[in-house]
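Going down the list, the sequences are from chains C and D.
All the letters of the first sequence, read from the start, carry residue numbers 1 to 310 under our numbering.
All the letters of the second sequence, read from the start, carry residue numbers 1001 to 1297 under our numbering.
These are calculated hints, taken from the structure and not from any lab test.
Hints may be right or wrong, so weigh each one.
To give an idea of the interface, some chain C residues facing chain D are shown, with a C-beta separation under 8 angstroms as derived from the structure [what the hints assert, rightly or not]:
#1 L19
#2 I36
#3 R301
Fair warning: this is a prediction, and the values are worked out from it, not measured in the lab.
For glycine and all other residues, C-beta sits at the position ideal for the given N, C-alpha and C.
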Amino acid sequence: MISAKKKIKKQGYAKSGPLLLIALPGILYLLINNYIPMFGVFLAFKDFNYVKGVFGSDWNGFKNFRFLFKTRDAIIMTRNTILYNVAFIVIGTVVAIIVAILLFELGTHIKVKLIQSALLLPNLLSWVIISFIGFAFLNSDTGFINNTLIKLFHGQPVAWYTQAKYWPLILVFVFLWKTTGYSAIIYMASIAGIDKGIFEAAKLDGANKIKQIIYITVPMLKSTIVILALMSVGRIFYSDFGLFYQVPMNSGVIFNVTQTIDTYVYRGLMQLHDVGMAAAAGLYQSVAGFTLVMVANGLVRKFDKENALF
Amino acid sequence: MRRLSDEKKFQLIASIILVILALIALLPIALIVIASFTDEKTLLANGYSYLPKKLSLDAYYYMVKQGAIIFRAYGISILVTVVGTFLSVMLTTMIAYPMSRKNFKYAGLLAFFVFFTMLFNGGIVSSYMLWSRFFHIKNTIWALIIPNYLVTGFNIFLVKNYYLNGIPDSLIESAQIDGATELTIFRKIMFPLAVPTVATISLFTALGYWNDWINGLYYITNPNFFGIQNLLIRIMNNIQFLKSGTITNVLGTGAVELPSTAVRMAMAVIGILPIVVIYPFLQKHFIKGVVIGAVKG
């Protein structure tokens, strides 16, 4: 770094013009796609009217927010977004680490590679395809669960898409199904970085595999776990729109357990045409999200400066 | 029986658990593949099954014969994926390269400009208003390519870090001594050198475009511009409509009859097909990409 600075002092800066010109298309895109909408948050303080338009609509102060937080919707969507994320962070991390350890212990045999490919495949599918798969299992007339599994155990068929109580479990399962292979790769890379000598020494001291995992592998993963978890905490106000919109098939009777801030904003904007409320919910999410990213980053900095975002 | 050593025992148990997990990963996908090859009457009578009583290729014959709308959607998905990935890679490397130049006066400012987009966003409502009311992007092919995905801070930092750590300054300096302009240096030297990273981000970007349905959901109402994902959504919605008793032909043109269950599943299968075909060849890059992305963008 110091030598680079010295060099710059000696030779001077490069001409900025040509370099800026190369960056220009990207800069313009980010200005339009990311920065202008940041100023568009004023829509949350307007009584939006499609005829009067974005600039012509009347201001109404904090009325959208007051309405939003008076409804049960605000509590439900916040609760769902946060609780599902907490479940995903905790369960997702544990399952991913277990899978990573098992995969790593089996080595690099071709069979292990095949298993890894299989575990990764769901991650490559779109939420639309996954909702089709879900429908094949869950629909009440021809679904696999009602027609085969429940018949096998002589149970009563269940109308899955209308029974809220099953959905927390279904959504967590679908999340794990899609993401475990992916997260496991990250932990495998960390495990591969552990010094082999430590395991050899433990073996000589008579530690068996399980003991090695508990006392060496898991503790050595601590920093990766903490950093990934903190990054997820920074995104705790955001949910995967596809998981919560496509997989439950937009079924209204189970909104209580499937509505998140993202699905609320979509429905407000595109289905109920309540632009003010959708904008208010969106701004609430952006501000809360920004605050949490800052807090999470501060914690990462404290824990391990190298891995902090800034 | 010979007692297994601890090591062997552990390996055996680990293998069994992993094989079970691999089956859990694959079997749900297999169900819709098998359904697409199942005779329609059998499917309606016995439900989705791994061992259908009667197999049939009717769904695929139907798609080939009646599938103008399906082929169109497929074409749109391919077009969007190719054009989107190409534009994305160009714009991303073009903004990342100046950021990586140590003697570029505005490199730090530019990095902050990009970084801030990763911290805060204006939300979908203002973004939707901007694209639909000011750029009139609704029901155009651009709606599937431009909003949200074209350039992301994450990808920019991946390429920037690659340049910063992987390419020596002396290379640029010697090119400058030879009289090359900045644009020539980028075109002839820096862009080709970024190929390994570009390959990784192309892979993820292409997958993202192929699998995207959210832009279509917001900006496309005309079925002529549906990609395969949005066509699948519309067909699933039609079935929901039929079930709720409101029999409306939502496909707009009125000419399309509601495809049978097997045909729907066959469409989902051809939606997955390109991914499954290409996946084995690219898995190595995919895994590398996941690791680079996670460690630090």
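For this session: Could you check the structure against the hints above and give me the numbers of any it violates, in ascending order?
Result: 3
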